[in-house]
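What follows is each chain in one-letter form.
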Amino acid sequence: MTIMAPRKFGDSSDGVVGGRQTRFEGDLKVTGAAKYALEHPVENLAHGVLVPSTIPAGRVVSVDMQAALASPGVLLVLTPEDDFGMRVATDWGGNRPDEPYYPLSREVRYNGEPVAAVIAESREQAVAAAKLIRVTYEEAPHVASLDDPNAGEGNLLEHLSASWGDAEAAYAAAPVKVEAEYKTPREYHVAMEPHGLTAKWDGDQLTVWEPSQWSHGMARSYAEWFGLPFENVHLISPFIGGGFGSKGAALAHGAVAAFAARKLGRPVKLALTRPQNFTGYGGRAATRQTIKLGATQDGVLQAIVHRGASETSTYGVWPEQTGAATPIMYKVENLSSEHRVVPVNTVTPGALRGPGKNPSAFGIETAMDELAAQLGMDPLELRLKNYADRDYQSGKPWSTRRLREAMTEGAEAFGWSKRNHAPRSMRDGRTLIGWGMACGTFPVIQAPSEAMIRILGNGRVEVVSGAIDMGQGTYTILAQTAAEIFGVPVDQVEVHLGDSRMPGSAIAGGSMLAGSILGAVHKAASAARDELIGLALSEPSSPLRDTGANTLTFSGGRVSVGGEGPSLTLPELMQSLGRDVLEIRRNTLPDGASMEDQHQAWTTMAKVEGPTMGEYSMHSWCAHFAEVRVDEDFGTVRLSRMVSAFDCGRLYNPRMVESQWRGGIIMGIGQALLEEGLVDMRNGRTVNNNVADYLVPTNADVPDIQVISVGVPDYNASALGGKGVGEVGIVGVAPAIANAVFHATGKRVRELPVTLEKLI
Amino acid sequence: MTRTIHLTLDINGQRHELDVEPRVTLLDALREHLGLTGTKKGCDQGQCGACTCHVDGKRVLSCLTLAAQAEGRQVTTIEGLAGPNGELHPVQSAFIEHDAFQCGYCTPGQIMSAVACIREGHAGSDEEIREYMSGNLCRCGAYNSIVTAVREAAEMA
Chain A
1 MTIMAPRKFG DSSDGVVGGR QTRFEGDLKV TGAAKYALEH PVENLAHGVL
51 VPSTIPAGRV VSVDMQAALA SPGVLLVLTP EDDFGMRVAT DWGGNRPDEP
101 YYPLSREVRY NGEPVAAVIA ESREQAVAAA KLIRVTYEEA PHVASLDDPN
151 AGEGNLLEHL SASWGDAEAA YAAAPVKVEA EYKTPREYHV AMEPHGLTAK
201 WDGDQLTVWE PSQWSHGMAR SYAEWFGLPF ENVHLISPFI GGGFGSKGAA
251 LAHGAVAAFA ARKLGRPVKL ALTRPQNFTG YGGRAATRQT IKLGATQDGV
301 LQAIVHRGAS ETSTYGVWPE QTGAATPIMY KVENLSSEHR VVPVNTVTPG
351 ALRGPGKNPS AFGIETAMDE LAAQLGMDPL ELRLKNYADR DYQSGKPWST
401 RRLREAMTEG AEAFGWSKRN HAPRSMRDGR TLIGWGMACG TFPVIQAPSE
451 AMIRILGNGR VEVVSGAIDM GQGTYTILAQ TAAEIFGVPV DQVEVHLGDS
501 RMPGSAIAGG SMLAGSILGA VHKAASAARD ELIGLALSEP SSPLRDTGAN
551 TLTFSGGRVS VGGEGPSLTL PELMQSLGRD VLEIRRNTLP DGASMEDQHQ
601 AWTTMAKVEG PTMGEYSMHS WCAHFAEVRV DEDFGTVRLS RMVSAFDCGR
651 LYNPRMVESQ WRGGIIMGIG QALLEEGLVD MRNGRTVNNN VADYLVPTNA
701 DVPDIQVISV GVPDYNASAL GGKGVGEVGI VGVAPAIANA VFHATGKRVR
751 ELPVTLEKLI
Chain B
1 MTRTIHLTLD INGQRHELDV EPRVTLLDAL REHLGLTGTK KGCDQGQCGA
51 CTCHVDGKRV LSCLTLAAQA EGRQVTTIEG LAGPNGELHP VQSAFIEHDA
101 FQCGYCTPGQ IMSAVACIRE GHAGSDEEIR EYMSGNLCRC GAYNSIVTAV
151 REAAEMA
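Line by line, the protein sequences give chains A and B.
For the record, in the first sequence the residue sitting at position 72 is 72 according to this note's numbering, with numbers rising by one throughout.
For the record, in the second sequence the residue sitting at position 142 is 142 according to this note's numbering, with numbers rising by one throughout.
Because the hints were derived from the structure by calculation, they are not lab data.
Treat the hints loosely; a few may be bogus.
Claimed, not checked - To spell it out: a stretch of chain A is covered by chain B in this simulated footprint if at least three of its residues, at any positions, have a beta carbon under 8 Å from a beta carbon of chain B; those stretches are:
| no. | stretch |
| --- | --- |
| 1 | 119 to 129 |
| 2 | 459 to 472 |
| 3 | 634 to 642 |
C-beta atoms are modelled at their ideal positions from N, C-alpha and C, and glycine is treated no differently.
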């Protein structure tokens, strides 16, 4: 997909890294011209729908498909009886059991697991026929949720434990203690674009149009499922209608569609219905955690004892790590943290914006507020007093940590100094007003990436990468990077993304894409410029050869010797060199990396680097300040004001970053006040599996949100100085709002969301 | 159900002929039969607003409207909003300028709602805009910018 020049408005365009360039692909998105996966026109399409299980545990005994097969337009019915001939693909951890893969499972492990599929000439026909399928089950006992009495204590994941000092003894000896349990429910991504795909075979070549946060990783899964060379799968994903962590892996519905397409010999389109988007892949797991804080009378932390648990499925381990943020937020000499996973009959949970850090921050940041209340202390003062001068978990110094500035500048903008710290001290008639704060963090994660730069004879500069843009601004910041290096306007740049046949890239997940891919694009573009300079100074046909210069300047669309003397535009230079195209490909792997290393780097998580793998401990940081208005009679909470300050290092495009921060905050508002997956304990069913019953924030739920950057470039964190932006915004929002509700009402809600029945 | 009906639809000022089953929604007719994929399917059950388009100038949810119901009416979709030479509608321009979208999937519905919101006279204040734009969910959370863009476009109108 080629993205052509963006429209410019006034002086808002700014074609350099760090400028506020408007969204590069904006025209396509506001005119409806941007083609999302299911919109790619394909001839002779058949349409598939899934039939989900209606029991939470057991096995499929038989599937009566006679009526469905006789229904008009039906081409194929698939059931667990079918031998798909597929093999299990490599999981996130790099494990690949040597087993067959059955995307339609005979064993039912959760309510909503796909057990059959119908393919028909039209979607309407497939939907009608799917209703005629009769599945006979043999039911088994189930565990509906983390709250199920039979759920048990689960399994300790020792690799997630943290411990130093003697936390229990220090807690016992501390003069001031708080202890409480905090709970978060199942939460869902609710990307506006449902999951789905079109799969098409040409011989043993498979093309998949599917929204993807990781084109190479998902293409690898399809290849492994079908025993194909990686090159035989072509996954295309130029636009993604929101992912938030849900679109990083190939899933059962993709396997079903691709298999059906091969069996039928014609392309198949299959989209999950909105309700199926609640069970077709996992959301954020429900969590619970107990936190004990010990402190001195003047508020110096002595000990943190944390015990957490999250639910997982009966067939996979996904830890929603409740202790992810706990050990690094504050200076504490004694800490103990453990996390358990509790298998229940659910689809395996997955990554949802700020995994781990998010529920972890809800625990520790509410507990700190409880400690401040008990001490009669300003929660801001308490946090500053216990400011972590280094990472006490890894023992490493911070690369950059401007959390102090985030807290103080955020507080200043919010007007925090006017706060009366006593609960129930502010009201407006029958409305109680509360101010709360909390902090958040997200680690800097990096992965090797590759990019290609092509300079065409007509002077256009192309940036080519398999990286994706689901709205974070990848198109825009890559265009800005190339424009800056070649000294050309952004509208002279084209960006091609979202294709597994393009150079490999880090996943758009873990907030790692911008830092990773920008490093590769910057490297490739710099190399291309150097190549061009070398040619311009050495080729006999180049007018710049006889300048005697040893380098050239690219500025204002022209190439010259420091802006003096003769100058050429890029097309003129390319013409003088007799070149139609100059193509340079670079990656950020160590020099000499083998092809196998490269393939592994783009298609697995094997070469991903965490925040403390180098000399420093590297993280993004934020501080949120929230004002709520609570109707005392009805218990309704309205968020009326929000100020958030961030340290995310250098911002590649503040306009895009501010949008992402606000997006994270708004998802946090939903988490604080609205979002809760409800499970029917009798049958493990997700009851509110639609967006009228699973409430996400609407426009009217959201006040103006002020966002502030306090970061400085961090060149340990990434080549160009940025730290992750996409996820940190949500972390700490829910505790800030819950703490504000406490300040307004004097009632401490320790279980999200903060709904009215918990306040009246 | 195999019976099809013949429909003549007026979409963005152009006449379209199609044969579809009577149960086909306006949304699916646009996306699957006419190649007008700018109108988005987010929930297919009238909850998210992504499929918003105009019928006789009023905003409707095309996923809850049968294609047959649109016969004899003027349908406007996001593809029909820009001027004859491709010049963007003021709401479209304001959405770009204020970064009122990220992934872009809810955007056509937001813009169609915004155009109608202004036309209805419901863009008088930020509060009013928030209320009358609340039928369109945006999970990327561009709400602040959407309000700014609608306000600015309303002031220009």
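Here is what the structure says about each hint:
For the stretch 119 to 129 of chain A, the assignment as covered by chain B holds, since 5 residues bring a beta-carbon within under 8 Å of that chain's beta-carbons and 3 suffice. Note: the stretch 459 to 472 of chain A has 3 residues with beta-carbon separation from chain B under 8 Å; the three-residue rule is met and the coverage holds. Requiring three or more residues with a Cβ within less than 8 Å of a Cβ of chain B, the coverage given for the stretch 634 to 642 of chain A is violated, as only 0 such residues are present.
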